[in-house]
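*Asks:* Based on the sequences and whatever the hints tell you, model everything.
Chain by chain, the residues:
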Amino acid sequence: MSEANISQQKNMLAKRIIPCLDVKDGKVVKGVNFVNFRDAGDPVELGAFYSKAGADELVFLDITASHEGRKTFVEMVEKVAANVNIPFTVGGGINELSDVERLLKAGADKVSINSAALRNPDLINQIAANFGSQVCVVAIDAKQEENGEWVCYLNGGRIPTERKLVEWAVEAQERGAGEILFTSMSHDGVKTGYPNEALAALADALRIPVIASGGAGTMEHFKDAFEKGKADAALAASVFHFGEIKIDELKAYLKTQNIPVR
Amino acid sequence: MQVAIVKYNAGNIHSVVHAIRRLGIEPILTDDPTLLQQADKVIFPGVGEAATTMQYLQKTGLDKVIKGLTQPVLGICLGMQLLCKHSEEGHVDALGIFDIPVKKFSWVKGIKIPHMGWNQIGQLKSPLFAKNQENDYVYFVHSYYVPVCEHTVATTQYNGAFSAALNKNNFYATQFHPEKSGDVGSLILEQFLQL
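Just so you know, the protein sequences line up as chains A and B, in that order.
Using the working numbering, you'd call the opening residue of the first sequence number 1 and step up by one each time.
Using the working numbering, you'd call the opening residue of the second sequence number 1 and step up by one each time.
Calculated directly from the structure, the hints in this document are not laboratory data.
There may be inaccurate statements among the hints.
Over the 10 Å line for every Cβ pair with chain B, so calculated as not near, a few chain A residues [stated by the list, open to error]:
1) S98
2) D99
3) K105
4) P121
5) Q126
6) G189
7) T192
8) R262
Below, in silico cross-link-like pairs of lysine-lysine (DSSO-like), each with a Cα-Cα straight-line distance of 27 Å or less [claimed, not checked]:
9) B/K131 to A/K52
10) A/K164 to B/K59
11) A/K230 to B/K104
12) A/K105 to B/K59
13) B/K109 to A/K228
14) A/K143 to A/K52
15) B/K109 to A/K230
16) B/K109 to A/K223
17) B/K109 to A/K255
18) A/K164 to A/K52
19) B/K109 to A/K105
20) B/K168 to B/K131
21) A/K79 to B/K7
22) B/K125 to B/K67
23) A/K255 to B/K131
Cβ atoms here follow ideal geometry from the backbone N, Cα and C, with glycine treated the same way.
*Replies:* Shown next as structure tokens:
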């Protein structure tokens, strides 16, 4: 029996499908164009739509730069918490513990931190100590250099760091991260599939769950991320928002491929 | 119906408030012993660390109040673990309603800790579950678990079976989060409120 089969027998935990929504000034932006919506940008209505379609979790990313926008984001989190009955993660603009506290108080289940964790790794320890590891998702943007090494980037992929992907993910885990969300900058938006080799390297090095992000173009890409990449969850944005892949159809497909899904 | 939710220093309590509201009932969030004793149903939620939470419950006297409740009580996640005898998390004695110790998942390759995400419940034997809920998916987040025991009324497989739900007399408990488990979870909360 293959290693994959043995591990599946021990573990019927479903692989998670996670739509990611960008939020600006309290509204979901970027390519959400469903019909029959009173307000296509309403996070609550979209969250409920995805939840009904079978999404296992939701991620809301605040892309607002202004102080006023941040306040609106917290109000949005409160509305989502009151109305959506599946877990959701929020990210974007989290720099210190007080940002985390505000978002968790508003009802978010988890927070995702990225550049702030690279700049101040102790933030991970602080979040874990104050609120538990389960709320702390460490997001990593990385790019494969010509020598084959994966290097972590800051500020949405604009500034390279000295950090290597696996090394940083392991450090984040040791500091108290509950999950790693890995986005390959080389794959994001290209729709040629997830970076399965790098995902598998992460899965082998970590004992916490790994979320694959960036690169999904077809349903097979999700299957590959779970099988070849050994990911625990897969996140995508535009393929869901544009209706290119419907979550219920994706799950039906994954079931036929013997991937455990809800 | 008066539904009281135990107010204490744990995270995630508001999610339970929202979930009860979605069922059309306005719950009270309180640490007042009299209000808890008078309520028709009491929910003891919780996300947090066992030892520090137990210290808080002992300091405030809530430990004795919860143990003495006679109406249906639902412990959720850490709430369930604290209704057990002892927890390996911080090696602390807990409330002892369920005579079973809470253990830490041991890490083996391919089994991630925390057990986080949607998993199936089975071997259901409690009015907490509706008909046809066998193998339904519910949402879990935990690193410690309750072994299968005489009080187990639902099991889940994660490198072996553990207790997904417990019941003894008026005390019910779920390791998973019904308040975050979509329509399946809402149905379980509804079943609890009908007990």
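*Asks:* Now tell me if each hint is right for this structure.
*Replies:* Going down the list of hints, with the structure as the test:
no.	hint	result
1	S98	16 Å, holds
2	D99	16 Å, holds
3	K105	8 Å, violated
4	P121	21 Å, holds
5	Q126	15 Å, holds
6	G189	26 Å, holds
7	T192	27 Å, holds
8	R262	4 Å, violated
9	B/K131 to A/K52	21 Å, holds
10	A/K164 to B/K59	46 Å, violated
11	A/K230 to B/K104	24 Å, holds
12	A/K105 to B/K59	24 Å, holds
13	B/K109 to A/K228	16 Å, holds
14	A/K143 to A/K52	34 Å, violated
15	B/K109 to A/K230	12 Å, holds
16	B/K109 to A/K223	21 Å, holds
17	B/K109 to A/K255	24 Å, holds
18	A/K164 to A/K52	38 Å, violated
19	B/K109 to A/K105	35 Å, violated
20	B/K168 to B/K131	20 Å, holds
21	A/K79 to B/K7	22 Å, holds
22	B/K125 to B/K67	23 Å, holds
23	A/K255 to B/K131	24 Å, holds
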